[in-house]
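Chemist: Work out the full structure: start from the sequences and follow the hints.
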Amino acid sequence: MEDVVIGNAVMDMYAKLGTINSSRKVFEKVPYKDVISWQTIITGYVQNGLASEVIEVYYMMEECEDITPNQGTWVSILLAYAHVGALQEGIKAHGWVLKRGLHLDVYVSTCLIDLHGKCGRMEDAMSLFEKVLRKSSVPWNAIISCHSIHGLGDTSLQLFRDMLFRKLPLRT
Numbered sequence: 705m706e707d708v709v710i711g712n713a714v715m716d717m718y719a720k721l722g723t724i725n726s727s728r729k730v731f732e733k734v735p736y737k738d739v740i741s742w743q744t745i746i747t748g749y750v751q752n753g754l755a756s757e758v759i760e761v762y763y764m765m766e767e768c769e770d771i772t773p774n775q776g777t778w779v780s781i782l783l784a785y786a787h788v789g790a791l792q793e794g795i796k797a798h799g800w801v802l803k804r805g806l807h808l809d810v811y812v813s814t815c816l817i818d819l820h821g822k823c824g825r826m827e828d829a830m831s832l833f834e835k836v837l838r839k840s841s842v843p844w845n846a847i848i849s850c851h852s853i854h855g856l857g858d859t860s861l862q863l864f865r866d867m868l869f870r871k872l873p874l875r876t
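All residue numbers for the sequence shown refer to this note's numbering, where the first residue is 705 and numbers rise by one.
I should point out that these hints are in silico values taken from the structure, not numbers from a laboratory.
Just so it is clear, CB atoms sit at the ideal spot from N, CA and C, and this is done for glycine as well.
Some clues are possibly wrong.
Claimed, not checked - Label pairs and their in silico Cβ distance ranges:
#1 Ala713 x Glu767: 21 to 31 Å
#2 Gly789 x Gln862: 19 to 29 Å
#3 Arg865 x Lys733: 19 to 29 Å
#4 Trp800 x Lys839: 21 to 31 Å
#5 Glu706 x Lys871: 42 to 52 Å
Modeler: In structure tokens form, the structure reads like this:
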């Protein structure tokens with residue numbers, strides 16, 4: 705158990721230093737990988753802008769019957785799917801997240817908004833946005849950004865005004 709904790713810490717350190725290849729080497733050498741090991745390497749790839757690698761490692765993780773993605777893992781996976789525009793895979797992940805009740809988490813639900821919005825499904829993104837708890841600026845930023853990248857500046861500005869009207873903090 706101690707080896708996996710140390711391995712996870714070293715992977716995290718390498719990823720934060722931008723030496724993700726070193727992080728991957730440690731990951732490969734850790735004899736027992738728990739969900740934190742998988743989340744650490746997946747998050748490291750996200751932090752280093754390597755969405756395709758996130759998806760590759762997630763598929764490897766799926767093969768491990770004793771490992772179940774947690775909230776943090778799903779956030780990284782959904783971000784990766786949104787980044788590469790993998791809507792069909794993202795929809796499958798959305799279903800899994802719904803079954804486990806993780807869509808109630810503001811960060812997971814924000815990633816779902818981001819996924820649908822970046823993939824051009826603005827009605828779905830708005831529907832998800834309407835259902836999410838909007839007490840922080842996190843989901844607001846996602847929906848505003850999605851409207852902006854699709855050239856819907858007027859809607860983005862109106863959403864921003866609505867957010868300011870609710871006196872939400874601009875940073876969370």
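Chemist: Take the hints in turn and mark each one as holding or not.
Modeler: Hints, one by one, checked against the model:
1. Ala713 x Glu767: 21 to 31 Å: holds (25 Å)
2. Gly789 x Gln862: 19 to 29 Å: holds (26 Å)
3. Arg865 x Lys733: 19 to 29 Å: violated (52 Å)
4. Trp800 x Lys839: 21 to 31 Å: The hint (21 to 31 Å, Cβ to Cβ) holds, given that Trp800 and Lys839 are roughly 26 Å apart.
5. Glu706 x Lys871: 42 to 52 Å: Between Glu706 and Lys871, where Cβ atoms are some 47 Å apart, the hint holds.
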